[in-house]
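Top to bottom, those sequences are chains A and B.
FYI, our numbering numbers position 277 of the first sequence as 374, with every residue one higher than the one before it.
FYI, our numbering numbers position 89 of the second sequence as 94, with every residue one higher than the one before it.
Just so you know, these hints were derived from the structure itself, not from any lab.
Check each hint, because a few of them may be wrong.
Simulated restraints on C-beta separations [unchecked claim]:
| hint | chain 1 | residue 1 | chain 2 | residue 2 | range |
| --- | --- | --- | --- | --- | --- |
| 1 | B | G74 | A | L521 | 39 to 47 Å |
| 2 | A | L521 | B | P15 | 19 to 27 Å |
| 3 | B | P15 | A | A488 | 49 to 57 Å |
| 4 | A | R622 | B | T7 | 27 to 35 Å |
| 5 | B | T7 | A | S480 | 27 to 35 Å |
| 6 | B | A19 | A | D545 | 23 to 31 Å |
| 7 | B | E111 | A | A543 | 18 to 26 Å |
Derived coverage of chain B by chain A (criterion: at least 3 residues anywhere in the stretch with Cβ under 8 Å from a Cβ of chain A; other residues may be distant) [unchecked claim]:
| hint | region |
| --- | --- |
| 8 | 32 to 39 |
| 9 | 44 to 50 |
Short derived list, chain A residues pointing at chain B, Cβ under 8 Å [said to hold, decoys possible]:
| hint | residue |
| --- | --- |
| 10 | R493 |
| 11 | Q504 |
| 12 | L512 |
| 13 | R520 |
| 14 | A536 |
| 15 | G538 |
| 16 | A542 |
| 17 | V544 |
| 18 | R552 |
| 19 | T560 |
| 20 | D562 |
| 21 | E569 |
| 22 | S572 |
| 23 | T575 |
| 24 | R587 |
Small disclaimer: the values here were computed from a predicted structure and weren't measured.
C-beta: ideal position from N, C-alpha, C; glycine also.
Here is how the chains run, residue by residue.
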Amino acid sequence: MRALRFALFPAALALGVVAYRIQIDNLGAATTPARSLAIVAVAWAFVGAGLVAWARRPGNRLGPLMTAAGFALLLRQLRYSHDPVLFTVFFALSELSYALVAHSVLAYPSGRVVGRPERALVKVGYASMLLFPLAILLVFDATRPLRFLDPTPRDSLLLVWANGALAVDLQKAFVVFVWGVLATCFIVLVLRRLARATPRARRILAPLLLAAVVFALRAVFECVITFAERPSEILYVYLFWWQVAGFVALPLALLAGMLRARLARAGVAELVLELERAPPQGLRDALARALGDPTLEVALWLPEREEYVDAGGRPVTLPEEGGARTVTLLEHEGEPVAAIVHDATLVDEPELLRASGAAARLALENARLQAETRAQLAEVQRSRARIVAAADEERRRIERDLHDGAQQRLVALALELRTAQRRLGGSTDPELEQILAEAVGELQAAVDDLRELARGVHPAILTEDGLAAALESLSSRTPVPVTVDACGDRLPPQVEATAYFVACEALANVVKHAGASHAAVTAVRRNGMLVIQVEDDGVGGAHADGGSGLRGLADRVEALGGRLVVVSPAGGGTRVVGEIPCAS
Amino acid sequence: MTVLVVDDHPAFRASARRLLELDGFRVVGEAADAGEALVLARELEPRLVLLDIGLPDRSGFDVAAELAGGRTDVVLVSSRAQADLGRRVRESGAVGFISKERLSGEAILALLGRAA
């Protein structure tokens with residue numbers, strides 16, 4: 098195949114010389130050396146671009162298609178010959194050159210024509226480009242000149258019914274159908290494909306816009322030649338040279354677009370250097386740049402969880418097959434490492450994907466390890482929060498059990514004793530009355546103790562009335578004067594409980610250690626956080642780690658994703674601030 | 006003094022009735038929930054309703070609020086302490102609160118005397 102490609106280069110050069118000579122020798126005043134050479138140059142551009150594309154991407158049919166289109170454009174010129182065989186054969190095949198050009202454009206960049214209307218257009222195009230000239234040859238008797246041909250007669254070897262007028266009418270019908278109807282369909286399909294493309298695909302498909310313009314120019318040119326009685330020379334010249342410029346640029350643009358992957362491989366070398374310097378979170382950006390897809394996403398495989406996650410450790414669902422987004426799986430020694438979710442057009446550049454994936458593999462493995470660690474951390478965080486919530490629920494249950502069980506029994510017993518007291522009222526046994534009175538007193542003290550215990554486990558007022566009420570109740574039971582300023586919103590139970598116990602512990606420390614004359618408790622919501630603050634005017638010098646009970650509370654606050662800060666300069670009072678996430 | 010005792014625990018109602026009657030009160034009725042309490046309070050027009058806070062259908066605070074302003078005084082009772090109930094006791098319209106284990110005729114009269 099390589100030898101064939103090498104042979105086709107000189108063949109195209111030689112055929113170009115022949116095509117040039119045939120135009121000059123046969124068309125007389127209907128052409129000029131510059132125009133004849135320009136037509137050959139267009140064909141050479143197709144052959145050259147086609148052979149390069151073929152060599153670089155042997156598996157892609159676009160290269161052979163463009164090469165064929167170039168040869169067809171050269172062979173097309175042989176129809177100008179006055180030799181009956183050359184004229185008949187190459188007039189019959191001449192228009193196929195444009196069918197091949199259109200086919201190349203519609204097959205760009207994968208080499209396959211995608212879409213039912215596109216495939217239908219290619220089939221109808223080939224058929225009409227072949228059948229119309231054949232039909233003309235059946236009736237062409239040289240009595241009426243055909244378009245593009247000099248007036249010198251040529252003989253059709255296929256002539257069966259001499260009718261020069263019909264030959265001219267058939268040629269007009271051909272122009273109306275092919276360069277009116279089919280060219281319009283072609284332009285519409287090309288523009289529709291561009292309009293529907295993703296941003297990345299649109300950049301790759303840009304040559305299609307050029308193709309639309311070129312075919313539009315050609316259609317106007319054909320109509321002018323066919324239907325204008327005396328086309329203006331200036332109009333003719335402009336149309337001709339614009340068309341030539343477009344047709345020379347088209348194969349080069351198709352080639353450049355198709356070889357973007359090859360050009361982009363230079364970007365892979367940059368990627369390798371960039372990954373050495375970039376932090377793990379820059380990996381996605383670096384890959385997006387190297388692959389030219391700003392919408393690219395990286396999903397990392399976590400073998401233990403058997404799922405894909407993003408760089409933050411959050412689960413990722415890969416898109417289904419067949420959409421605008423496609424997934425390329427990267428593996429190492431048969432084990433999945435990561436998945437790149439990218440624009441579907443990148444499938445046409447498998448080498449680029451492979452090279453980028455290989456370059457990024459080490460960085461991806463690092464990122465995967467980090468994502469794994471983050472996912473584990475997130476799980477630990479969730480588990481800590483669950484433990485706190487479960488402990489709170491347990492505390493609430495114990496408080497309820499104390500209240501509904503032992504406390505009710507003691508209350509009932511107190512009432513019974515008091516009733517017994519009444520029944521013995523005025524009896525002659527003062528010692529028994531004394532015993533009963535003491536028993537009632539002890540019982541009341543026991544109920545008070547039990548109540549205090551239950552309150553310490555989990556205050557009922559917090560469950561029933563929320564944080565503000567619980568803080569007010571707490572302040573009323575604190576021996577140091579305390580002012581409370583708390584928002585009355587209800588918050589998730591574990592948030593309220595954590596804030597309450599922070600205040601509880603901090604106020605207990607105020608009473609025990611601070612020597613303060615006053616304390617202030619505030620609880621406000623700010624930026625999705627509940628900020629609980631306890632401030633006193635005492636001696637300061639407290640430490641969060643100093644066995645004050647604050648360490649345990651700091652753990653509890655952190656378990657909910659918050660933080661606890663203690664500011665306590667010696668002689669400057671103490672401020673305990675807990676920030677607890679409470680987005681709701 | 007006529008009293009309506011409202012509590013969902015029959016044992017507490019019986020104990021309270023016995024104790025208050027020994028202290029010279031006349032218990033004219035008992036109710037086990039808020040709905041029954043409101044009906045009996047209107048029918049019997051007692052001088053006092055001894056009202057538990059934790060009723061099965063509605064809170065005792067709600068019942069106290071409905072009865073407030075009439076000729077019947079309300080004394081709230083609970084096995085919790087007043088500090089555990091917050092400002093709702095003050096805002097309910099009841100004349101006062103007694104923890105159940107401290108219930109007695111004197112405690113009620115002290116509250117009514119303070120209210121008067």
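Taking the hints in turn, this is what the structure says about them:
Taking 39 to 47 Å as the suggested C-beta distance range, the pair G74(B) and L521(A) conforms, at roughly 41 Å. Taken as a hint, the range 19 to 27 Å holds for the pair L521(A) and P15(B), whose Cβ atoms sit roughly 25 Å apart. In this structure the hint that P15(B) and A488(A) lie 49 to 57 Å apart at CB is violated, the actual value being about 36 Å. Checked against the hint of 27 to 35 Å, the pair R622(A) and T7(B) fails, with Cβ atoms roughly 49 Å apart.
Between T7(B) and S480(A) the C-beta distance comes to about 59 Å, which lies outside the given range of 27 to 35 Å. Take A19(B) and D545(A): their Cβ atoms lie about 25 Å apart, and the range 23 to 31 Å holds. Between E111(B) and A543(A) the beta carbons are some 21 Å apart, a value that agrees with the proposed interval 18 to 26 Å. Given as covered by chain A, the region 32 to 39 of chain B fails the check, having 0 residues with a CB less than 8 Å from a CB of that chain where 3 are the minimum.
Using a Cβ-Cβ cut-off of 8 Å, 0 residues of the region 44 to 50 of chain B lie near chain A, which falls short of the minimum of three, so the contact claim is violated. Because the closest C-beta pair between R493(A) and chain B is about 14 Å apart, greater than 8 Å, the hint is violated. At a threshold of 8 Å, the smallest CB-CB gap from Q504(A) to chain B is about 5 Å, leaving the interface hint in force. Restraint check, L512(A) versus chain B: the minimum CB separation of about 4 Å is within 8 Å; hint holds.
At about 7 Å, the closest approach between the beta carbon of R520(A) and any beta carbon in chain B falls short of 8 Å, and the interface hint on this residue holds. Interface hint at A536(A): violated, since its Cβ lies 12 Å from the closest Cβ of chain B, which is beyond the 8 Å cut-off. Restraint check, G538(A) versus chain B: the minimum CB separation of about 11 Å is more than 8 Å; hint violated. The closest approach between the C-beta of A542(A) and any C-beta of chain B is roughly 10 Å, which is over the 8 Å cut-off, so the hint fails.
Satisfaction of the interface hint for V544(A) is found here, the shortest Cβ-Cβ separation to chain B being roughly 5 Å, below the 8 Å cut-off. About 7 Å separates the beta-carbon of R552(A) from the nearest beta-carbon of chain B, less than 8 Å, and the hint is met. With its C-beta approaching chain B no nearer than about 10 Å, T560(A) sits outside the 8 Å limit, and its interface hint is violated. Satisfaction of the interface hint for D562(A) is found here, the shortest Cβ-Cβ separation to chain B being roughly 5 Å, below the 8 Å cut-off.
Nearest Cβ of chain B to the Cβ of E569(A): about 7 Å, under the 8 Å cut. The hint holds. Given the 8 Å rule on beta carbons, the hint for S572(A) is violated: about 10 Å separates it from the nearest Cβ of chain B. Using the Cβ-Cβ criterion of 8 Å, the hint placing T575(A) at the interface with chain B is not satisfied: the shortest such distance is roughly 11 Å. The interface hint given for R587(A) is broken, as the beta carbon of that residue sits about 14 Å from the closest beta carbon of chain B, more than 8 Å.
Going through the hint list in order, the structure does not satisfy hints 3, 4, 5, 8, 9, 10, 14, 15, 16, 19, 22, 23, 24.
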